[in-house]
Structure formats: structure tokens, C-alpha cells
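When you get a sec, could you build the whole thing from the sequences and use the hints?
Protein chains: 2
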Amino acid sequence: MAYIQVPEGVPGIRSLVLFRPETGKPLYELAQVLLRGPSPLTEAERELIAAYVSGRNDCLFCRNSHAAAARCLYGEDKNLVDEVLKDMNHSPVSDKMKALLNIAGKVQVLGKEVTPEDIAAARLSGAGDREIHDTVLIAATFCMFNRYVDGLASFTPMDASAYEEMGKRMTEKGYVLPQPQNNK
Amino acid sequence: MAYIQVPEGVPGIRSLVLFRPETGKPLYELAQVLLRGPSPLTEAERELIAAYVSGRNDCLFCRNSHAAAARCLYGEDKNLVDEVLKDMNHSPVSDKMKALLNIAGKVQVLGKEVTPEDIAAARLSGAGDREIHDTVLIAATFCMFNRYVDGLASFTPMDASAYEEMGKRMTEKGYVLPQPQNNK
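If you read the sequences in order, they're chains A and B. Numbers 1 to 184, taken from our numbering, label the letters of the first sequence in order. Numbers 1 to 184, taken from our numbering, label the letters of the second sequence in order.
Read the hints as simulated data drawn from the structure, not as lab findings. Possibly wrong hints are sitting among the right ones.
Since the list can't tell identical chains apart, any single copy or any two copies may satisfy a pair.
[Stated by the list, open to error] With a cut-off of at most 27 Å between alpha-carbon atoms, the simulated BS3-like pairs for lysine-lysine come out as follows: (1) Lys98 x Lys168; (2) Lys168 x Lys106; (3) Lys86 x Lys112; (4) Lys25 x Lys112; (5) Lys78 x Lys168; (6) Lys98 x Lys25; (7) Lys25 x Lys173; (8) Lys86 x Lys96; (9) Lys96 x Lys106; (10) Lys25 x Lys86; (11) Lys106 x Lys173; (12) Lys78 x Lys25; (13) Lys173 x Lys112; (14) Lys173 x Lys78.
Set out below in C-alpha cells:
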């Protein structure tokens with residue numbers, strides 16, 4: 001049971017933005033532009049950063065849903081997602097993604113944890129300002145979403161098929177503010 | 001020096017949204033609706049929660065600017081702000097604000113830190129669903145802003161007068177996306 005009265009059976013963030021659509025609107029717009037808008041990072045890479053940070057914040061709803069979206073987007077390489085979630089440093093992602101995920105992991109702890117050396121390592125592996133910016137903002141944004149979802153104890157489905165369906169919807173439709181009549 | 005090439009001399013979040021206005025737009029809209037839109041919490045109380053969480057995240061830019069805004073909004077009671085930042089539990093805020101700030105402090109650590117007892121204590125002191133929702137979302141949102149601002153090492157002014165001016169602007173004008181020609 002969520003801590004506040006949200007529509008029953010609606011999972012995670014969707015229940016919260018139905019409770020308060022005024023704040024839900026910019027939250028969904030942020031997710032859409034950040035994860036689906038133009039970026040030198042692919043949609044798959046951005047969803048992977050979101051899942052990685054959510055996993056570190058122990059937010060099952062966000063980790064599972066964004067991991068599912070990342071698996072859809074990686075297609076044939078979908079096993080990469082679980083390898084990163086299990087052990088990022090020994091996973092077969094590119095050096096650039098490793099350097100960016102390292103920055104995202106620092107941001108998850110606290111902004112000041114990111115050092116000039118972390119940034120230099122990312123640049124050395126080919127990341128530019130935009131990759132670095134988007135990585136930091138995605139990591140920071142999921143530190144918000146994770147706390148919003150868990151801080152109000154919103155409904156976290158436990159069956160894998162629910163997340164598979166969410167991942168598919170997030171891949172096909174992006175982030176569209178749910179409407180009261182179609183909220184599941 | 002910020003880690004990415006942002007307009008020189010522009011402090012904190014303002015420099016970052018000038019670098020990337022597409023994400024800046026929903027970020028400023030979120031701040032505006034959350035801190036200035038309709039809420040059972042006063043604008044002063046909401047700015048105080050923002051400053052309190054930012055202080056706990058050791059984000060000087062956000063703590064100092066939102067504390068300055070809270071001082072403007074509290075008027076005669078402005079000393080309250082510094083008493084909360086120094087020692088919330090022994091500060092002279094109301095029991096309701098103390099219970100909400102306690103929840104905000106838990107959210108700052110991690111969403112799952114918030115317990116049913118924390119929520120019950122807030123309700124006992126008179127807080128309803130909306131106060132609880134807005135407190136959790138403000139705390140979560142500043143966990144994002146703090147990490148964005150510090151994770152990219154954006155410019156943090158060190159003189160108190162700069163923050164006083166910011167606080168005044170935030171009180172009078174709210175959160176308006178800065179434009180390239182008027183960015184300081």
C-alpha cells in the first residue's frame with residue numbers, strides 16, 4: 001500500500017503522476033527529452049544508465065522497468081544489460097560506456113564524488129561535453145525518480161512479465177503522461 | 001571551472017540549463033509548479049525543505065540560494081531558516097514541519113528509508129496526503145538538482161550577497177528559464 005491515496009493497482013511513478021498531474025507533466029517531459037530526445041548517446045545506452053543508477057539506489061520498480069526497456073532497445077545484445085547490472089566493471093560494454101557508467105555511479109552517491117579524473121577518463125575514451133552532461137543529468141534524474149517512487153511506497157509489481165510489457169511500451173511509445181481512464 | 005563548456009561566470013543550475021535548454025525547460029517548470037504552484041505548504045515552507053535537503057547533500061549553491069529565498073519568504077521569522085539548517089530537531093518550527101522535514105531527511109538518504117511510522121507521525125501532526133506528497137517530491141527533486149549542479153562542478157559563488165540577490169529574484173519572479181542574453 002502506498003503511503004498516500006493513489007489509484008489502486010497502478011504501479012510506481014504512474015500512480016504518483018495520476019495523484020498529482022501538475023508535477024507529473026514536467027516529470028514525464030523531462031524523461032521524454034532526456035531518454036528519447038536528440039543525444040550522442042543511443043536510447044539503449046540512456047536506458048542502461050537509468051537502470052544502473054536505479055539498481056544502485058535499490059529501486060526495484062525503476063531498475064526493472066528501465067532494464068526491460070534497455071533490453072528491448074539493445075535487441076540482440078540484450079544480455080549486456082544484465083551483465084552491467086551484475087558487475088559493470090567486468091561487463092563487455094565499451095570503454096566509453098564504462099567511463100560514463102562510472103560517472104553515473106559517482107553521481108548516484110553524491111555530485112561531489114565526480115572527480116576531474118573521472119571526466120578525463122571519459123574524454124580519453126571518446127566522450128564529449130554532451131555525453132558527459134546527459135550522463136550526469138540521467139543519473140541525477142533517477143536519483144529523484146527512485147526516491148519519489150520508494151519514498152511514497154508506490155506499488156512495485158513482482159512479476160517479470162509486468163516489466164517486460166512496460167519495457168515494450170516505453171520503447172514504442174516513450175514517456176507519455178498517463179490519463180485517468182487508461183492508467184494501468 | 002565546470003567540467004563542461006558552459007557560459008562563464010553564470011552560477012549553478014543556470015549555467016547548465018543554458019548549455020542544454022531542452023532539458024532545462026521541464027526542470028524549471030518542475031521547480032515552478034512544485035515550489036510556487038498551489039500546495040497546502042507555503043512557499044516559505046517549500047523553500048525551507050529545498051534548502052534543508054540541499055544542505056544535507058552538501059550542495060552549497062542550492063542550499064545557499066534556497067535558504068536565501070526562504071529567508072525572504074519567512075520575513076520576520078527568517079531566523080528560523082538558519083536554525084533549521086543548523087539543528088532541525090531543536091529548531092522552533094512547528095511539529096508538522098518537523099515531521100515533514102524528518103521525512104525529507106529520510107528521502108535524502110534513500111526512498112526506502114521512509115517508514116510507515118514517519119508517515120504516521122506527520123499525519124498525527126496534521127499533515128495530509130498532499131503535504132506528504134509534496135514533501136517527498138521536493139526532497140527527491142533536490143536530490144536531483146544537487147547532483148546535477150555538483151556532478152558537473154558548476155560555478156558556486158562564495159559571497160553571501162550573490163545569494164541574497166538570487167533569493168530575492170526567486171521570490172519575486174519564481175523559476176523562469178534563463179535566456180542566453182540575460183544569463184547572470
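Comparing the hints with the structure gives:
In this assembly of identical chains, the alpha carbons of lysine 98 and lysine 168 lie at most 27 Å apart only when taken from the same copy (25 Å versus 42 Å across copies). Proximity of lysine 168 to lysine 106 under the C-alpha cut-off of 27 Å is found in neither arrangement, the shortest distances being 29 Å within a copy and 33 Å between copies. Proximity of lysine 86 and lysine 112 under a CA criterion of 27 Å is satisfied in both settings, with 25 Å inside one chain copy and 21 Å between copies. In this assembly of identical chains, the alpha carbons of lysine 25 and lysine 112 lie at most 27 Å apart only when taken from different copies (24 Å versus 29 Å within one copy).
Taking the closest pair of Cα atoms, lysine 78 and lysine 168 come within 27 Å of each other only inside a single copy of the chain (13 Å); across copies the shortest separation is 50 Å, beyond that limit. With identical chains, the CA atoms of lysine 98 and lysine 25 are never at most 27 Å apart, being 32 Å at best within one copy and 29 Å at best between copies. When the C-alpha separation of lysine 25 and lysine 173 is checked against a cutoff of 27 Å, the pair qualifies both within a copy, at 16 Å, and between copies, at 21 Å. Proximity of lysine 86 to lysine 96 under the C-alpha cut-off of 27 Å is restricted to the intra-copy arrangement: shortest distance 18 Å within a copy versus 42 Å between copies.
With identical chains, the CA atoms of lysine 96 and lysine 106 are at most 27 Å apart within one copy only, with a shortest distance of 16 Å there and 34 Å across copies. Proximity of lysine 25 and lysine 86 under a CA criterion of 27 Å is satisfied in neither setting, with 33 Å inside one chain copy and 35 Å between copies. For the identical chains of this complex, lysine 106 and lysine 173 are neighbours neither inside a copy (30 Å) nor across copies (34 Å), given an alpha-carbon limit of 27 Å. Within a single copy, lysine 78 and lysine 25 get their C-alpha atoms no closer than 30 Å, and across copies no closer than 33 Å, so neither meets the 27 Å cut-off.
Within a single copy, lysine 173 and lysine 112 get their C-alpha atoms no closer than 35 Å, and across copies no closer than 29 Å, so neither meets the 27 Å cut-off. For a Cα distance limit of 27 Å, the shortest separation of lysine 173 from lysine 78 inside one copy, 19 Å, qualifies, whereas the shortest one across copies, 47 Å, does not.
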